[in-house]
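K.L.:
Take a look at the letters that make up each chain.
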Amino acid sequence: MSRKRIGLMLSVGRLWAMSRPFRLGCRSRTPGFSPGARDLVVYERRRLWHWLYERERLEYHTMDLRAFLKRMGLGR
Amino acid sequence: MKKPMRVKDFAALQAWLETRLDVIRCVSFDVFDTLLARCIEPPDDIQRRVAVLLAEKIGGITPDAAFEARRAVEWELRRAALSDGLDHECHFDPLAESWVARLIGHPDPALVGFVHRAERELESLALTAKPGALALLEWLRAQGVRVIAVSDMYLSHDHLAALLADCGLGGLLDRLYVSSEFGLGKYSGRLHVRVLELEGQALEGLTPAQVVHVGDNLVSDMRAPMQLGIRGIYLDEREERLRRRRQTLSAEMAALGGVWPGRRFFEIVDYRMEQDAACQAACADFFHHYGAHVLGPAFSTFLLGLIEKIEAVKPDKLFFLARDGYLFEKMYARWRELEPDRKHWPEPVYVYASRRVVATASVAEGLSPEQAVVAFYNPKQQGLLSVLKTFGLPVEDFADLAREQGFADLAEPLHDWRDPRLLAFLADERVQTRIRSIGEISRERLRRYFEQQGFFASERVALVDIGWNGTIQKFLRDSFGKRPDYPDVHGWYFAFVAAMHGDFGMGDRIEGLILDARRDDSYERAPMDFEEIFEQGARSGEGTTLGYAEQDGQVIPVLKDDRAPDRQGEIACNPLIEHFQAGVLDHLEHFHAAWRLTGHHATEIKPYVLGLLERAVVYPTREEVREISRLVHTEDFGHDHTLDIGVISIRYFDLLRPHGLYRKLRNQPWKFSAFAHFGWTLPAWLFRLMHLLDVRRRS
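Protein chains in written order, with the numbering used here: chain R, 1 to 76; chain L, 77 to 775.
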């Protein structure tokens, strides 16, 4: 049995790629399941930002550093 | 100052606690996003949804106005708490009372009760215990450690306790502290101070150093307790945090419309299904998984569309047509159970009808050439033999008459639909007399059967089926449409391709809710490119209806004999179909919860469902092709053979001759399955493009 099965979530890139034949082949007038190139870029850019920038983790390390400095007698 | 402490999951937390059990006497947990996870983000969306429900209940008020009123009341309560020297906490009880009073101008305990029930129901649908939380709490209690929960939350203690109980954590907590009850928050440290005082009464001599507090908020759950000497532990579940952010982003994108609302909707369904251990275990079976992840979204969206149609048209009865209406009836029954407060539910009736029995009844006044050609839509048609079988006419009764008109072989395919022999055969009065007598008997039995089911006693009814051509609706109208008591009949189908007889003048009284060829939306076409899988997924295990018989004064259906070779194949596949359907029903549970939480309409989520269907039909995996090819599909409208869903083998070399390849695959029931073995999607993508170009050229 294949371990990796496709579930309910399709990536927006895949949705966009699947919609291309409809745009090229029948010039569909409806957006259908195409996420739209501009929206796709917005979504992926923000998703990447969320992945890279984690405020919580940054705050945690700041607290950690302050506690370290305090223990060293260097912080307030 | 102690070093801040973080753990990445409950297992790491347990390992950390295990080495300190001699010191720790009490472990305190944050509730939301620590012990419990929400399937919908941001949490404000639940409040918005309650505002929508309240606005609907009151009437004459917009959801936005209702939500703004709630915000205003909440703000006033928080300001009042601050002016009383407390933290800016508010309690849901006065909030609900003031909110309702502000909207309708006077207090209304019944509406306040409605708000409480709605908030409770939606929170309960949204929340689940996090994986590992239950096991950790049980372990702590077994070690003799006191376990408490401390939450910054506007809901009351009892309300939150009930939610924890719904998630299976209720009995595992020694005590629950909620900020709304004290007017004090964790973020200021004042709630932690109060908790220490009260816990000190329960555990004599308890010191802050003997308490550990765990949570996901750095200020409330770590910095504030640490300043009091409590060991604060930051629960740093990165995947969970990213999931929440992703869902919040999806919620923002959903406001754009298009495919986004559906994608956000199924993100909620997907998360709920992941948390459902029973569903996950069942999904190890391929057919259950396929039912839950491919057919489930499609059929559930169809059902939601059906519910919306019922709301708009208000039929007296719903007739689910055998055999493919079988699953839809089960889904409808389950939806009714899940919506106990709803008043108008048309009575469901499962009727044994098939294209064959209504076709036979429709020839009670003779068979015209225009009617006869419906038998030729199947590529495997066998000419006059198919015509006779389609209309349930005994071959032996017509064989001699056919020979007289030049039919040497009745099974010879007729590619010219105006074949002179066929026209002469149908123009023969002896043929028509015989046809009429058979048709009249059949029509009378069909009339009595439908009368028994209350069809003619209703003013407005709807037929529900997988659809395709609406043949049963057409032939019913042809047979009985002139009767004065013929009801206003609507046809609500999964798909309506309108190929055989157009929409036969039905207009908006016939509709394909997922696919309707009259909409001319090519994105909808995936179900048309593999009809068999949807028929298989929805069908009952019984044979098709061949006719009716009399028994004890009642008309009963006569089904195809289980000993027939094609039935044998079907019966062997019935267990697989049951797995499909169990998966669909599993999906429906979570689909319904997501619908309650978001209130999306079927049309809003359909674009994403079409994407899921396009993926499944055009870009199947090897496993999907292998397993689905095991199914036996019978064609029982004028044909008795089984359809081979199996795959034609193609190679890379075939891709160099695209026209030859296209001709080879064009009439295959699942042409796109031929590309699955390549392991990448470009060949199928190119073939899809070629296919759509061909469809456009033909239209």
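Treat the hints as calculated values from the structure; they're not laboratory data. Only a predicted model underlies this, so the values are computations on that prediction, with no experimental measurement involved. Take the hints with a grain of salt, since some may be wrong.
Stated by the list, open to error - Okay, the calculated beta carbon distance ranges per label pair:
hint : chain 1 : residue 1 : chain 2 : residue 2 : range
1    : R       : L52       : L       : S775      : 15 to 25 Å
2    : R       : A37       : L       : D169      : 42 to 52 Å
3    : L       : G189      : R       : K70       : 13 to 23 Å
Said to hold, decoys possible - Simulated coverage check for chain L against chain R, where a stretch passes if three residues somewhere in it have a Cβ under 8 Å from a Cβ of chain R:
hint : region
4    : 117-126
5    : 235-247
6    : 340-354
7    : 547-556
Think of the CB as a built atom: it goes at the ideal place given N, C-alpha and C, for glycine as much as any other residue.
K.L.:
Against which earlier hints does the structure fall short, listed by number upward?
P.N.:
1, 3, 4, 5, 7
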